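> Full structure from sequences and hints, please.
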Amino acid sequence: MINKQSNVYTIVYISVMVIVVGAVLAITAMALKDRQQENVQADKKSQILQAVHIATDRQSVIADFEKYIVDQLVVNNKGEQIDGTAFDIDVATEAKKPVDERKLPVYICELPDAGTKYIIPLAGMGLWGPIWGYVAFDADGSTIYGAFFDHQGETPGLGAEITKSAFTDQFNGRQVFKGTNFYPIEVVKAGQKPMNPEVDYVDGVSGGTITSKGVGAMFDNCLSPYRAWLEKAGAKKGISANFEILKAGEGKTANQIRRLTADDVQVADNPGALTQLAATISEVDEVSADAAAAADRTLAAKVTAATDRK
Amino acid sequence: MADKISNKQVFFNPFSKDNPVIVQVLGICSCLAVTAKLEPALVMGISVIAVLAFSNVIISLIRNTIPTNIRIIVQLVVVAALVIVVNQLLLAYAYDVSKQLSVFIGLIITNCILMGRLEAFAMGNKPWPSFLDGVGNGIGYAIILIIVGFFRELLGSGTLMNVQVIPPSLYEQGYVNNGLMILPPMALIVVACIIWVHRAYNKDLQEK
Chain A
1 MINKQSNVYT IVYISVMVIV VGAVLAITAM ALKDRQQENV QADKKSQILQ AVHIATDRQS
61 VIADFEKYIV DQLVVNNKGE QIDGTAFDID VATEAKKPVD ERKLPVYICE LPDAGTKYII
121 PLAGMGLWGP IWGYVAFDAD GSTIYGAFFD HQGETPGLGA EITKSAFTDQ FNGRQVFKGT
181 NFYPIEVVKA GQKPMNPEVD YVDGVSGGTI TSKGVGAMFD NCLSPYRAWL EKAGAKKGIS
241 ANFEILKAGE GKTANQIRRL TADDVQVADN PGALTQLAAT ISEVDEVSAD AAAAADRTLA
301 AKVTAATDRK
Chain B
1001 MADKISNKQV FFNPFSKDNP VIVQVLGICS CLAVTAKLEP ALVMGISVIA VLAFSNVIIS
1061 LIRNTIPTNI RIIVQLVVVA ALVIVVNQLL LAYAYDVSKQ LSVFIGLIIT NCILMGRLEA
1121 FAMGNKPWPS FLDGVGNGIG YAIILIIVGF FRELLGSGTL MNVQVIPPSL YEQGYVNNGL
1181 MILPPMALIV VACIIWVHRA YNKDLQEK
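In the order they appear, the protein sequences are chains A and B.
Just so we're aligned: 241 in this note's numbering is position 241 of the first sequence, and the numbers increase by one with no gaps anywhere.
Here this note's numbering = 1-based position in the second sequence + 1000.
Keep in mind that the hints were calculated from the coordinates and are not lab data.
Here the structure is a predicted model, which means the values were calculated and not measured.
You may find that some hints are simply not true.
Below, simulated SDA-like cross-link-like pairs (lysine to any residue); rule was C-alpha separation at most 20 Å, straight line [claimed, not checked]:
no.	chain 1	residue 1	chain 2	residue 2
1	A	K4	B	I1062
2	A	K4	B	I1070
3	A	K164	B	V1165
4	B	K1099	A	T28
5	A	K164	B	D1096
6	A	K164	B	K1099
7	A	K164	B	Y1171
8	B	K1008	B	A1120
9	A	K44	B	P1168
10	A	K164	B	V1176
11	A	K33	B	L1089
12	A	K45	B	Y1095
13	B	K1099	A	A123
14	A	K164	B	V1086
15	A	K164	B	N1162
16	B	K1099	A	Q36
17	A	K164	B	I1070
18	A	K4	B	I1072
19	A	K44	B	Y1095
20	A	K33	B	G1124
21	B	K1099	A	N196
22	A	K44	B	F1012
23	B	K1099	A	K4
24	A	K4	B	I1058
25	A	K4	B	V1163
26	A	K178	A	N196
27	A	K4	B	I1066
28	A	K164	A	A123
29	A	K4	B	R1063
30	A	K33	B	K1008
31	A	K164	B	V1163
32	B	K1099	A	A55
33	A	K189	B	V1176
34	A	K45	B	K1099
35	A	K189	B	G1179
36	B	K1099	A	K178
Here it is, written out as structure tokens:
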């Protein structure tokens, strides 16, 4: 009979146990890895869709994602498109990098009844661990269409309430651009107002102050780098809006025209569209003669520049 | 000695007379953490039943080979491995549930009930009674979790399983959810109330 109290027995026993347990765990992890990966991705897709108020289940999420998300871009903080796969970017890691090194994913969503939406991922810290979310903007690049938040381990009933519609619905319709100023939404204690009255804000969760502050910080940190891109995206929408306004001949549009022409030539990637816009503006130049003329000149110059570059 | 307790007693005693939470006062920590809502309390209860039953069986099977001086380590390794397997299975087959429980699944490892039952029962009994003991204690733990979760969610959030049960008309008349119920201290107080009621009915458990 072996002496069970001997050191040799103990060491052999523990070694065998460690090897057996290690092998069992490794096999389990490997066998389930694909399924888990699928779940993680399906879950991410369903979260993205929840930002635009589409509820899906595990079965239909992949089909729905294909259907509504028409494009995925990666941009930098100057608003230029860069290489990369938006879906594979780890937003939490990016959020810790300096602003000008970040890769910023954007999901472009086409809704049959509500038009184009831009979905931007967010990542930050709550009280106990990471929090993250997705925020969907209207085509103007400023108005929030919907928001979705999730967390790893916030207190149920307190910080965890950020996932509830009572909190997320507050974001709907808030704007991040006030004139030319960019203010990521602030989260304040219920009943209070932010220091700057111009800023759009939402009420935090009572009893979940640190988590709420985390949401505010997350907006500040993750949304700010998108400013340039959102401006451009909004300006693109601005062109078609200006078409409408100019055609309708409503009011002075000098400022709107200046804004879209004062930006750079990437406002419209397509020189043809610019020519067309220039033509339209001269057609209706009686609406705001000098602005249109100025716009016309700037656009013409830019069209030339863009054509030269090609 | 162990043979004198019938399997039936092994299984049913932990429900009330020998309840792990309110009589042995084990596993209080997770009782505070996961009971703000009923649903995580329920899933936590089920997970503990599973882990406790299997770790009891495994330890009972190898009980005669374990060197006495490292038996706690062996127990810990078995429990930890099982918890990881359960977590992996949940991630693969019940992703939403696993997301909800998040860190608490990992915390099963530190649940005193597991170590308590392994050390007190599985080390000295055959696999089948050990299995019953594990399931019984797991259920005893789950019952308390569910009772606490029920009261905390009902009074703290006005919901049960995330379904609104307190009618909106009551709120209009000035009823307010008790925010204190959501905070951990109230779990302790609810547990204390359960112990109080329980002892009032089981006079033999009252300390002199």
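> Run every hint past the structure and note whether it holds.
Checked hints:
{"no.": "1", "hint": "K4/A - I1062/B", "result": "holds, 13 Å"}
{"no.": "2", "hint": "K4/A - I1070/B", "result": "holds, 11 Å"}
{"no.": "3", "hint": "K164/A - V1165/B", "result": "holds, 17 Å"}
{"no.": "4", "hint": "K1099/B - T28/A", "result": "holds, 19 Å"}
{"no.": "5", "hint": "K164/A - D1096/B", "result": "holds, 16 Å"}
{"no.": "6", "hint": "K164/A - K1099/B", "result": "holds, 16 Å"}
{"no.": "7", "hint": "K164/A - Y1171/B", "result": "holds, 19 Å"}
{"no.": "8", "hint": "K1008/B - A1120/B", "result": "holds, 18 Å"}
{"no.": "9", "hint": "K44/A - P1168/B", "result": "violated, 34 Å"}
{"no.": "10", "hint": "K164/A - V1176/B", "result": "holds, 18 Å"}
{"no.": "11", "hint": "K33/A - L1089/B", "result": "holds, 10 Å"}
{"no.": "12", "hint": "K45/A - Y1095/B", "result": "holds, 14 Å"}
{"no.": "13", "hint": "K1099/B - A123/A", "result": "holds, 17 Å"}
{"no.": "14", "hint": "K164/A - V1086/B", "result": "violated, 28 Å"}
{"no.": "15", "hint": "K164/A - N1162/B", "result": "holds, 11 Å"}
{"no.": "16", "hint": "K1099/B - Q36/A", "result": "holds, 12 Å"}
{"no.": "17", "hint": "K164/A - I1070/B", "result": "violated, 48 Å"}
{"no.": "18", "hint": "K4/A - I1072/B", "result": "holds, 15 Å"}
{"no.": "19", "hint": "K44/A - Y1095/B", "result": "holds, 12 Å"}
{"no.": "20", "hint": "K33/A - G1124/B", "result": "violated, 37 Å"}
{"no.": "21", "hint": "K1099/B - N196/A", "result": "violated, 38 Å"}
{"no.": "22", "hint": "K44/A - F1012/B", "result": "violated, 44 Å"}
{"no.": "23", "hint": "K1099/B - K4/A", "result": "violated, 43 Å"}
{"no.": "24", "hint": "K4/A - I1058/B", "result": "holds, 19 Å"}
{"no.": "25", "hint": "K4/A - V1163/B", "result": "violated, 56 Å"}
{"no.": "26", "hint": "K178/A - N196/A", "result": "holds, 12 Å"}
{"no.": "27", "hint": "K4/A - I1066/B", "result": "holds, 8 Å"}
{"no.": "28", "hint": "K164/A - A123/A", "result": "holds, 17 Å"}
{"no.": "29", "hint": "K4/A - R1063/B", "result": "holds, 12 Å"}
{"no.": "30", "hint": "K33/A - K1008/B", "result": "violated, 40 Å"}
{"no.": "31", "hint": "K164/A - V1163/B", "result": "holds, 13 Å"}
{"no.": "32", "hint": "K1099/B - A55/A", "result": "holds, 18 Å"}
{"no.": "33", "hint": "K189/A - V1176/B", "result": "holds, 19 Å"}
{"no.": "34", "hint": "K45/A - K1099/B", "result": "holds, 15 Å"}
{"no.": "35", "hint": "K189/A - G1179/B", "result": "holds, 16 Å"}
{"no.": "36", "hint": "K1099/B - K178/A", "result": "violated, 38 Å"}
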